[in-house]
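Colleague: Listed here are the chains, written in short residue letters.
Number of protein chains: 2
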Amino acid sequence: MVPDRDEVSSQARPHHMTDSLFLGIDGGGTKCRARLRDSDGNLLGEGIGGPSNIRLDPDVVWASILSASRAALAEANLQEFDFSRIHAGMGAAGAGQTSAVERLLSRSHPFGSFSIDTDAHTAWLGAFGGGDGAILIVGTGSCGYGVVAGERRYVGGWGYEISDEGSGAAIGREVLRHTIWAYDGRIPSTPLSDAILGEFGHSPEAIVDWVGKARPADYARYAPLVLEHAQRRDPLGLVLIEEAARQMAQIATRLLDLGAPALCLFGGLSEPLRHWLAPPLQQVIVQPKADAMDGAILLARQTTHTSSPRRPR
Amino acid sequence: MVPDRDEVSSQARPHHMTDSLFLGIDGGGTKCRARLRDSDGNLLGEGIGGPSNIRLDPDVVWASILSASRAALAEANLQEFDFSRIHAGMGAAGAGQTSAVERLLSRSHPFGSFSIDTDAHTAWLGAFGGGDGAILIVGTGSCGYGVVAGERRYVGGWGYEISDEGSGAAIGREVLRHTIWAYDGRIPSTPLSDAILGEFGHSPEAIVDWVGKARPADYARYAPLVLEHAQRRDPLGLVLIEEAARQMAQIATRLLDLGAPALCLFGGLSEPLRHWLAPPLQQVIVQPKADAMDGAILLARQTTHTSSPRRPR
Chain A
1 MVPDRDEVSS QARPHHMTDS LFLGIDGGGT KCRARLRDSD GNLLGEGIGG PSNIRLDPDV
61 VWASILSASR AALAEANLQE FDFSRIHAGM GAAGAGQTSA VERLLSRSHP FGSFSIDTDA
121 HTAWLGAFGG GDGAILIVGT GSCGYGVVAG ERRYVGGWGY EISDEGSGAA IGREVLRHTI
181 WAYDGRIPST PLSDAILGEF GHSPEAIVDW VGKARPADYA RYAPLVLEHA QRRDPLGLVL
241 IEEAARQMAQ IATRLLDLGA PALCLFGGLS EPLRHWLAPP LQQVIVQPKA DAMDGAILLA
301 RQTTHTSSPR RPR
Chain B
1 MVPDRDEVSS QARPHHMTDS LFLGIDGGGT KCRARLRDSD GNLLGEGIGG PSNIRLDPDV
61 VWASILSASR AALAEANLQE FDFSRIHAGM GAAGAGQTSA VERLLSRSHP FGSFSIDTDA
121 HTAWLGAFGG GDGAILIVGT GSCGYGVVAG ERRYVGGWGY EISDEGSGAA IGREVLRHTI
181 WAYDGRIPST PLSDAILGEF GHSPEAIVDW VGKARPADYA RYAPLVLEHA QRRDPLGLVL
241 IEEAARQMAQ IATRLLDLGA PALCLFGGLS EPLRHWLAPP LQQVIVQPKA DAMDGAILLA
301 RQTTHTSSPR RPR
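Residue numbers (the numbering used here), protein chains in the order written: chain A, 1 to 313; chain B, 1 to 313.
Some hints here could point you the wrong way.
Identical copies go unnamed one by one, so any copy, or any two together, can satisfy a pair.
[Said to hold, decoys possible] Simulated pairs of lysine to any residue, SDA-like, Cα-Cα distance not exceeding 20 Å:
{"#": "1", "residue 1": "Lys213", "residue 2": "Leu56"}
{"#": "2", "residue 1": "Lys289", "residue 2": "Gly130"}
{"#": "3", "residue 1": "Lys213", "residue 2": "Glu161"}
{"#": "4", "residue 1": "Lys31", "residue 2": "Gly139"}
{"#": "5", "residue 1": "Lys289", "residue 2": "Asn42"}
{"#": "6", "residue 1": "Lys31", "residue 2": "Asp234"}
{"#": "7", "residue 1": "Lys31", "residue 2": "Ala71"}
{"#": "8", "residue 1": "Lys31", "residue 2": "Arg274"}
{"#": "9", "residue 1": "Lys213", "residue 2": "Thr98"}
{"#": "10", "residue 1": "Lys213", "residue 2": "Gly159"}
{"#": "11", "residue 1": "Lys213", "residue 2": "Ala100"}
{"#": "12", "residue 1": "Lys213", "residue 2": "Ser99"}
{"#": "13", "residue 1": "Lys213", "residue 2": "Tyr160"}
{"#": "14", "residue 1": "Lys31", "residue 2": "Leu258"}
{"#": "15", "residue 1": "Lys213", "residue 2": "Gln97"}
{"#": "16", "residue 1": "Lys31", "residue 2": "Trp62"}
{"#": "17", "residue 1": "Lys289", "residue 2": "Ala71"}
{"#": "18", "residue 1": "Lys289", "residue 2": "Glu271"}
{"#": "19", "residue 1": "Lys289", "residue 2": "Glu46"}
Hints in this document: simulated from the structure, not taken from any laboratory.
Required output: the full structure, derived from the provided sequences and hints.
Modeller: The following block contains the structure:
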């Protein structure tokens, strides 16, 4: 799909030079990925950049976007001046926060057009090609999102402190809480609580010191250990994973009740946790048609037809 | 009890000047209170100072301790040189953290002796006069503590993130979480969830922005509203307060199972929540013999007999 430099004839160039190109960007907290396609949907190139959760400094985010984009352009043997015929679409973590979107769009950029939406929206666009359906992301955080008859609905996903049920961060936080209960003698200790306590030298004070600096991703690193113990029928592991699955089911059920005909799962914990869901939920889970980068390309294509309300000023 | 300046005769002075005095300090996150008694237990004076959670800057904490102490000395018509015959005891929030205690005791101070322990320990000392018993503090945070046959036991109280069950901060956080569930449609809305949502202009985004800056005391400010709605049988209010009481009961039950014969309650939420406890728990609740400042005086008296392991270096 990626044309070799020699394939691009000088005669063909004038025509190609005016053709629109579509760039789909998937922006996350640790990295930013970009995919370039021509108007026929042919793959031209891909690239990776740095962190691009748009709650970060907009200069950092734009640097990540542009380095991912330049890498995709380089793979397609395109130049800096080709930016102007690129319609870019981006699905970004943090784009649910209006102030963060406005801050990002207050900077200038080289694209012909640039549209941005939440990472949930581009994941849904890719998964259902714009048709009715819902997605459920369960990783460090969690978020449910669905579109039914053009209406968007978010369920959960409002962050670690008061939302993100069933997420890795929630599982990690709850295993620490229950480990302290076991230490206190409020509940019986289990191999899982012993393992956690052992990691902190059997000192709740060490746990509290750790918690003082812990970010959601730090808590989430305990989720695989909890899953592993639940698989071995550890009583505490079972309580925590069954609770996470119950919370995940509550989000999924609400999305289905809103009219979503099917559900796609994303995020590192969705695969292990789906097996803990009840049959009526398992039966509506489908494979996504395409990924979030192709969802972002669809966003960019939609923008060329309808003028984006979020064009940079 | 407080002697008038004229009552202190010049003849009596030499004798009084060598007598030991006992100062009890109750150090909290918002203020520091001190009470001075003579060796016969007569009240000489009291004073109030600034914040003295010992996780704060030690210079701030010492300034608070000394201003509360000087106010107590002034009320007793005593002078700066009387500090040297004062045995001070302090119960302090944060004193469970060894590093914070060491940081505080690395500074010099004017007292004849200075002992420090957790606020839970001095509350227990005051409540049971040093005898077997347990206390349960339920305010912004929560903590259970008991001493049985000389053995100390903490149950809970490891902070907002992974402990402090049943506390005002936990109630406040959970009412925000459930309000988002009601907003999502995961649970039915109630007058309580409507009231909370109304406070944030019906915007979950506004809740998330608020949460980003919220401290435990900020969450705890919603606890009275939750209690009020629970009293009116609001379904969400009932769920949250019954859960807080259940968590409080779990801590209390563990303390009783460890052998504590009775329980004293402290903290602003313990009085409203106690009525939600089951009869077997209500029946073991007793009134404290004395308050935490007198508990701290008892700590200071014990120190004059046994050399404190935590004397300043």
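Colleague: Given a CA cutoff of 20 Å, do Lys213 and Tyr160 count as a within-copy pair, a between-copy pair, both, or neither?
Modeller: Both ways: Lys213 and Tyr160 sit 14 Å apart in one copy and 13 Å across, limit 20 Å.
Colleague: Which holds for Lys31 with Leu258 at a C-alpha limit of 20 Å: within a copy, between copies, both or neither?
Modeller: Intra 33 Å, inter 51 Å, cutoff 20 Å: neither.
Colleague: Is it within a copy, between copies, both, or neither that the alpha carbon of Lys213 lies no farther than 20 Å from that of Gln97?
Modeller: For Lys213 and Gln97, only the inter-copy Cα distance (15 Å) is at most 20 Å; the intra-copy one is 24 Å.
Colleague: As a check of your reading, is Lys289 near Gly130 (CA-CA no more than 20 Å) within one copy, between copies, both or neither?
Modeller: within (10 Å within a copy, 69 Å between copies)
Colleague: How would you classify Lys289 and Asn42 at a CA-CA limit of 20 Å: within, between, both, or neither?
Modeller: within (16 Å within a copy, 81 Å between copies)
Colleague: I want to check one pair: Lys213 and Glu161. Are their C-alpha atoms no more than 20 Å apart within a copy, between two copies, both, or neither?
Modeller: Both, since 15 Å and 11 Å are each at most 20 Å.
Colleague: How would you label the pair Lys213, Gly159 (within, between, both, or neither) given a Cα cut-off of 20 Å?
Modeller: Result: close both inside a copy and across copies, 17 Å intra and 13 Å inter.
Colleague: Since the copies are identical, ignore which copy is meant and state whether Lys289 and Glu271 lie within 20 Å (CA to CA) inside a copy, between copies, both or neither.
Modeller: Classified as within; 17 Å inside a copy, 57 Å across copies.
Colleague: Can you give me the call for Lys213 and Leu56, within, between, both or neither, at a CA distance of at most 20 Å?
Modeller: For Lys213 and Leu56, the Cα distance is within 20 Å both inside one copy (19 Å) and across copies (17 Å).
Colleague: With identical chains, the pair Lys31 and Arg274 could be close in the same copy or across copies; at 20 Å between alpha carbons, which is it: within, between, both, or neither?
Modeller: Neither: 26 Å inside a copy, 50 Å across copies.
Colleague: If the cut is 20 Å between Cα atoms, do Lys289 and Ala71 qualify within a copy, between copies, both or neither?
Modeller: Neither: 25 Å inside a chain and 74 Å across chains, both beyond 20 Å.
Colleague: Is it within a copy, between copies, both, or neither that the alpha carbon of Lys31 lies no farther than 20 Å from that of Gly139?
Modeller: within (15 Å within a copy, 42 Å between copies)
Consistency with the previously given hints fails for numbers 6, 8, 14, 17, ordered from lowest to highest.
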